[in-house]
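Chains as they are written, first to last, in my numbering: chain R, 1 to 267; chain H, 1 to 274.
If you're looking for bench data, these hints aren't it; they were derived computationally from the structure. From a predicted model like this one, the values you see are computed outputs, not experimental measurements. A few of these clues could be false.
What the hints assert, rightly or not - Result set (SDA-like, lysine to any residue): computed pairs, CA atoms no more than 20 Å apart in a straight line:
id, chain 1, residue 1, chain 2, residue 2
1, H, Lys102, H, Ile258
2, R, Lys13, R, Arg63
3, R, Lys22, H, Glu183
4, R, Lys208, H, Gly51
5, R, Lys208, H, Phe140
6, H, Lys191, R, Tyr136
7, R, Lys256, R, Ala245
8, H, Lys217, H, Met189
9, H, Lys180, H, Gly271
10, H, Lys191, R, Leu45
11, R, Lys208, H, Val40
12, H, Lys191, R, Lys256
13, H, Lys180, R, Gly32
14, H, Lys102, H, Leu207
15, H, Lys191, R, Val43
16, H, Lys191, R, Glu189
17, H, Lys191, R, Lys22
18, R, Lys208, H, Phe45
19, H, Lys191, H, Lys102
20, R, Lys208, H, Lys263
21, H, Lys217, R, Ala50
22, H, Lys217, H, Thr242
23, H, Lys191, R, Gly32
24, H, Lys263, H, Ile110
25, R, Lys146, R, Tyr136
26, H, Lys268, H, Arg96
27, R, Lys208, H, Thr242
28, H, Lys102, H, Tyr265
29, R, Lys208, H, Ser55
30, H, Lys264, H, Lys191
31, R, Lys94, R, Met196
32, H, Lys191, R, Ile170
33, H, Lys180, H, Ile260
34, H, Lys191, R, Leu46
35, H, Lys263, H, Arg96
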Amino acid sequence: MLAQHKKNIRVIKELIRLRFQKIMLFRLSFFGPFFVDGSLFAVQLLVFRAVYANVDRIGSWGRGEMILYIGSFSLLNAVSMVICFFGLNSIPYKIKNGDMDLYLTKPVSPLLRFTFEQVNPGSIPLILMSLCIIAYGAATAEHSIKTAQIAAYIFWLAVMEILYFEMEVIIRALTFFFVTDARLSQLEEAGIDLCMKLPGIAFYGIYKVIFYGLLPYGIMATLPVQSLVGEMSLPLACFGLLVLAVFTALTAVLWKTGIRHYNSASS
Amino acid sequence: MKPFIPKNPRFRKYREISAIYLKSQLAWRADAVFQMLFTVTKILFAYLLWGMVFSQRDTVSGFTLDGMLSYYIISSFLSQLELSDGVSGEVSERIRNGTFSKYMVLPVNIPGYFTAMEAGCVLFYLGFDLAAALIWIFIFRIRFVFTHSPLIILCALLMIILGLLFMVQLNYYLGLLTLKYEEIGTFLMIKSNLVALITGSIVPLALFPEAVLRGMKLLPFYYITYLPSMLLTGRCREEAVTGILILCLWCLALGGLIRITWKKYRVKYDGAGI
């Protein structure tokens, strides 16, 4: 077990080293993802600044909580962009054209390789920008934030980052079973696009079922912010952990079944 | 009834281009349907966000809940009709890989070709987007607010057509910049994010401070989605005529800029790719 972990870490280091070599060859668009996603979250900040210039609160959240929400979603997205997004994003393409063969024949987990083979250091400034937004939100929020709340916030961010990763894998692993992934990508884009603008506290009824349970983008930044501002309850925490457990199991089953279902270039 | 066939051959060839693109869209019917269905996220965003806000108050910046949701239905419909984003990508890609010659050898004006292409695509999507808007009004039980003035409707329609024309020109111009700057993909994505904000597709521009609004009125983006949506929901009537004039001026100015840029940089295109 320990030897396997050591081997995986060596593989990850080697993948990152190779990636850096490649990036140095194509430096032109190095910071592209930072500027694109940075502008996206800057737009969100401007939007809610305009909204809060006209209203005091949205539900129970004031301007500070909303800035924290935007910063937290931005951070989840930024960490994914740095580590795994570009690698995981290539999965459908590699399944369709048969390149997956190369991943299956190597003595390392294909998912581990996909996760770390296209790390993107150009998005690191996006993490820094997100941290600045979070700090600004914490300063603006009308709450006294204690150390325990900060620890809970970091814990929930880590949990939700795993969930974010699993959602990325699930959506792309479905390509093992369908001819095209266009609709799934649209579904993912639509879910993220909606939930990066709208915190989970806005959902109710059927919308809550969809965005808390089926496409859980609605809880990803909401639970960390609720833990930071003292709105987290025990049932909500249990629900968050249950969602993570269910989606972890789903990811494992879907990936393993998908690999068995893979028929090389004819997929 | 005989179909309308323009006698002038110059118009006929552009009509043919539109017809070809309209027909080619039929191959992508499923895409059109899914694109229509996914517009629900914009309406859902407005419905949930503003539903929560209006549960605590009656009006926000002069909007009632029905007025606000009607604004989103119309602005979402208009932003779905604006399909010219792909023009900049197409021009840029073809300049980079040396296949832009395909357009240069055609006996047509190239911006005119892309405008006709956009017209064909818009005509195809018009029905789908209209159906989507009606479905969302029904599902979300919106008491739709719409102006009764034929003159205002006419002004809004004219502004919508000019707005679509401006966006085709803008995207064509941005694509042409590949002749000067090799990689514009990142810039185009940032532009898309900003345009969504300044056209009022995310929130109505009326929510922004007065000084910002005054500045935006000088830019063309104010008149592309925001003002037509406001006019059609019965607001900002006094801005209708000036809006059309300002947008006309921007279209003319951008047309001139395209000609100058093309004249200056076309010599850099060698048909072999960059």
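Comparing the hints with the structure gives:
no.: 1; hint: H/Lys102 x H/Ile258; in the structure: 19 Å, holds
no.: 2; hint: R/Lys13 x R/Arg63; in the structure: 41 Å, violated
no.: 3; hint: R/Lys22 x H/Glu183; in the structure: 18 Å, holds
no.: 4; hint: R/Lys208 x H/Gly51; in the structure: 15 Å, holds
no.: 5; hint: R/Lys208 x H/Phe140; in the structure: 16 Å, holds
no.: 6; hint: H/Lys191 x R/Tyr136; in the structure: 26 Å, violated
no.: 7; hint: R/Lys256 x R/Ala245; in the structure: 17 Å, holds
no.: 8; hint: H/Lys217 x H/Met189; in the structure: 24 Å, violated
no.: 9; hint: H/Lys180 x H/Gly271; in the structure: 15 Å, holds
no.: 10; hint: H/Lys191 x R/Leu45; in the structure: 17 Å, holds
no.: 11; hint: R/Lys208 x H/Val40; in the structure: 16 Å, holds
no.: 12; hint: H/Lys191 x R/Lys256; in the structure: 40 Å, violated
no.: 13; hint: H/Lys180 x R/Gly32; in the structure: 19 Å, holds
no.: 14; hint: H/Lys102 x H/Leu207; in the structure: 46 Å, violated
no.: 15; hint: H/Lys191 x R/Val43; in the structure: 11 Å, holds
no.: 16; hint: H/Lys191 x R/Glu189; in the structure: 18 Å, holds
no.: 17; hint: H/Lys191 x R/Lys22; in the structure: 28 Å, violated
no.: 18; hint: R/Lys208 x H/Phe45; in the structure: 13 Å, holds
no.: 19; hint: H/Lys191 x H/Lys102; in the structure: 27 Å, violated
no.: 20; hint: R/Lys208 x H/Lys263; in the structure: 56 Å, violated
no.: 21; hint: H/Lys217 x R/Ala50; in the structure: 17 Å, holds
no.: 22; hint: H/Lys217 x H/Thr242; in the structure: 10 Å, holds
no.: 23; hint: H/Lys191 x R/Gly32; in the structure: 13 Å, holds
no.: 24; hint: H/Lys263 x H/Ile110; in the structure: 13 Å, holds
no.: 25; hint: R/Lys146 x R/Tyr136; in the structure: 16 Å, holds
no.: 26; hint: H/Lys268 x H/Arg96; in the structure: 11 Å, holds
no.: 27; hint: R/Lys208 x H/Thr242; in the structure: 44 Å, violated
no.: 28; hint: H/Lys102 x H/Tyr265; in the structure: 17 Å, holds
no.: 29; hint: R/Lys208 x H/Ser55; in the structure: 18 Å, holds
no.: 30; hint: H/Lys264 x H/Lys191; in the structure: 24 Å, violated
no.: 31; hint: R/Lys94 x R/Met196; in the structure: 29 Å, violated
no.: 32; hint: H/Lys191 x R/Ile170; in the structure: 30 Å, violated
no.: 33; hint: H/Lys180 x H/Ile260; in the structure: 13 Å, holds
no.: 34; hint: H/Lys191 x R/Leu46; in the structure: 15 Å, holds
no.: 35; hint: H/Lys263 x H/Arg96; in the structure: 18 Å, holds
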